[in-house]
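Undergrad: The residues making up each chain are set out below.
2 protein chains.
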Amino acid sequence: MGGDSGPEVTVPALDAAARARPELRFEVHGVADRIEGLLARLPALRGRIEVLHTDKVIDGDAKPAQAMRRGRGASMWNAVEAVAAGRAVAAVSAGNTGALMAISRLQLRMLGALDRPALVANWPTARGRSAVLDVGANLVCDAERLVEFAVMGAAFHHASRGAGRPTVGLLNVGVETEKGLEAVKAADQILRAGGFEFDYIGFVEGDDIAKGAADVIVTDGFSGNVALKTGEGLARYFRDQLREAFTGSPLARLGALLAAPGLRRMSARMNAVSGGPFLGLNGVVVKSHGGADATGFANAVFLAADLASSGFLDELGRNLKPRCEEAAS
Amino acid sequence: MGGDSGPEVTVPALDAAARARPELRFEVHGVADRIEGLLARLPALRGRIEVLHTDKVIDGDAKPAQAMRRGRGASMWNAVEAVAAGRAVAAVSAGNTGALMAISRLQLRMLGALDRPALVANWPTARGRSAVLDVGANLVCDAERLVEFAVMGAAFHHASRGAGRPTVGLLNVGVETEKGLEAVKAADQILRAGGFEFDYIGFVEGDDIAKGAADVIVTDGFSGNVALKTGEGLARYFRDQLREAFTGSPLARLGALLAAPGLRRMSARMNAVSGGPFLGLNGVVVKSHGGADATGFANAVFLAADLASSGFLDELGRNLKPRCEEAAS
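Same order as they appear, the protein sequences are chains S and Y. Note that this note's numbering has the first sequence beginning at 11, numbered continuously upward. Note that this note's numbering has the second sequence beginning at 11, numbered continuously upward.
Excised from the complex, chain S in its bound form (with noise of 0.2 Å):
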């Protein structure tokens, strides 16, 4: 139900992801009647999908604790319910963030010592994309933490992107190992010292992060999230400052449309992957965004799909418990 549209969105989303990978099945939560109506027309769902009824919606603004409280029997209650019971691998959701994080937590716990899901946002980069973490949930980090969002981090790369290991870099003001935040230097000490399933390359600074001189980039979740937004600012900004050049004569026009190809190839590269997999939880659940359109929402089922396939909570699992047995010890 989540989401600007509603099932309106999400239901051809399924059916689009039904058509590419005849392995899934789906589990859908809310207003029956409404969902049943667009069933009509997606014969790629018929027999892979079941319908269970709730009218009860989480509101886009409730606040996080409102929805912990109260958000029993609502559909994105009950979808993440379903993860924690076992029938599904992954929940996917277009709704409220801050309520879908905490319902998550309530359900599914946190893996090792974590405390809060780490968000991951999925840069565009000269080189492909690179994982960016946290970018909002967790504002203070220590040491152990921006560790493990290192662990986190790899492990997504690995299950989103296949084999090969991963390359991690720390987000730093600098590339001398003298320069930095406390927390930020006694990560970086940890992560020299090695034993992860990924090749620690020191310090990065924010021009790196475009540059994808690493497949995962840590920082914490205040820092992240300047950045994140930083960069979606900047990137509106320069696409208003291009539609400006290019209509600002009837020649700049017809430029545009001469060079319109490579401007499309650039704006499509540009976007970033819409939403993410809340990383820590003790199961998988996918945020989609929620002006998503239903090739957006596909797209955030089939990385649910790949995480809960992959052995992406298994790799988590090896390599974060250790690391809090021996911090308890």
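Rather than coming from a laboratory, the hints here were simulated on the basis of the structure. Some hints could be false.
Since the list can't tell identical chains apart, any single copy or any two copies may satisfy a pair.
As the list claims (entries may be wrong) - Listed next, the in silico DSS-like pairs over lysine-lysine satisfying Cα-Cα at most 25 Å (straight line):
id, residue 1, residue 2
1, K195, K73
2, K221, K66
3, K189, K73
4, K189, K66
5, K189, K221
6, K195, K221
7, K221, K73
Keep in mind that this is a model prediction, so the values were computed, not measured.
Position chain Y relative to chain S; hints supplied.
TA: Leaving out everything else, chain Y in the frame of chain S:
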């Protein structure tokens, strides 16, 4: 002597500055032969420039501590000393940033309770320019420090962009008052209480920077540096993508030619003004970008002149002193 090209850039820049501002006079520190060789062809500087010889120069890769211990008598040292001695109202250098900051702190001292100068970025926005600070000098900031940045950013805005009460925003991960780092929330409370020579507009997010949501955007040096460098990296990525879009086919190349005037205007607008002042010193010191051309270095000279002639230091003294006494009592 600083910057990638030394006097071959800085001396012609002074000539341009001298022609634009008849009231300016210059004291230039460096290798006299090299500088005087350039003056022969620059008549506007005649009678308005004094060349003080030194062949000691601070290397581009010298550490700040080295520069402080062994910098006495170097061109950069002597330029700052001219301000400390009251012979000059401002110093401008295109040399080593860390060395210039260390030498400036040592000779000029900080205003009030400040520990290190703040670096300000002159960020291009949809509405002109915004001052973003701190972009790298003070990594960890308490609430009082963030409030001082607000005061300094506002004074900088007054001095460099003329009359009018500037608006100030505090960078955060959301606009709701319950979100964010403790220091940021505490600074918000102090700024809300008012009594400043600017209008505080509350929390802003990363994407508000490019919108020009406030004249001054305040954040700690870690997040500010990450935001600035992320933005620089993205701008480079965007330019590369645009070049690719416009060279993909002969038609695209023709398109680029037709849209060239608009694209050039856009590019000029997107270039950040290179360099900026060190805010919080008991004197005016402006750092020009090492790679600046004569126009860029002349802009740094104009900025220094504006700061020195506008009552900038008085405004800082007026707004910083009382708070420090308050804090001490």
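Undergrad: Confirm or reject each hint.
TA: Comparing the hints with the structure gives:
1. K195 - K73: Answer is between: at 19 Å across copies they meet the 25 Å cutoff, but 35 Å inside does not.
2. K221 - K66: Neither way: K221 and K66 sit 45 Å apart in one copy and 38 Å across, limit 25 Å.
3. K189 - K73: between (38 Å within a copy, 12 Å between copies)
4. K189 - K66: Cα proximity of K189 and K66: none, with 51 Å in one copy and 28 Å across.
5. K189 - K221: For K189 and K221, the Cα distance is within 25 Å only inside one copy (21 Å; across copies 31 Å).
6. K195 - K221: Result: close within a single copy only, 23 Å intra versus 34 Å inter.
7. K221 - K73: neither (37 Å within a copy, 27 Å between copies)
Of the numbered hints stated above, those contradicted by the structure are hints 2, 4, 7, listed in ascending order.
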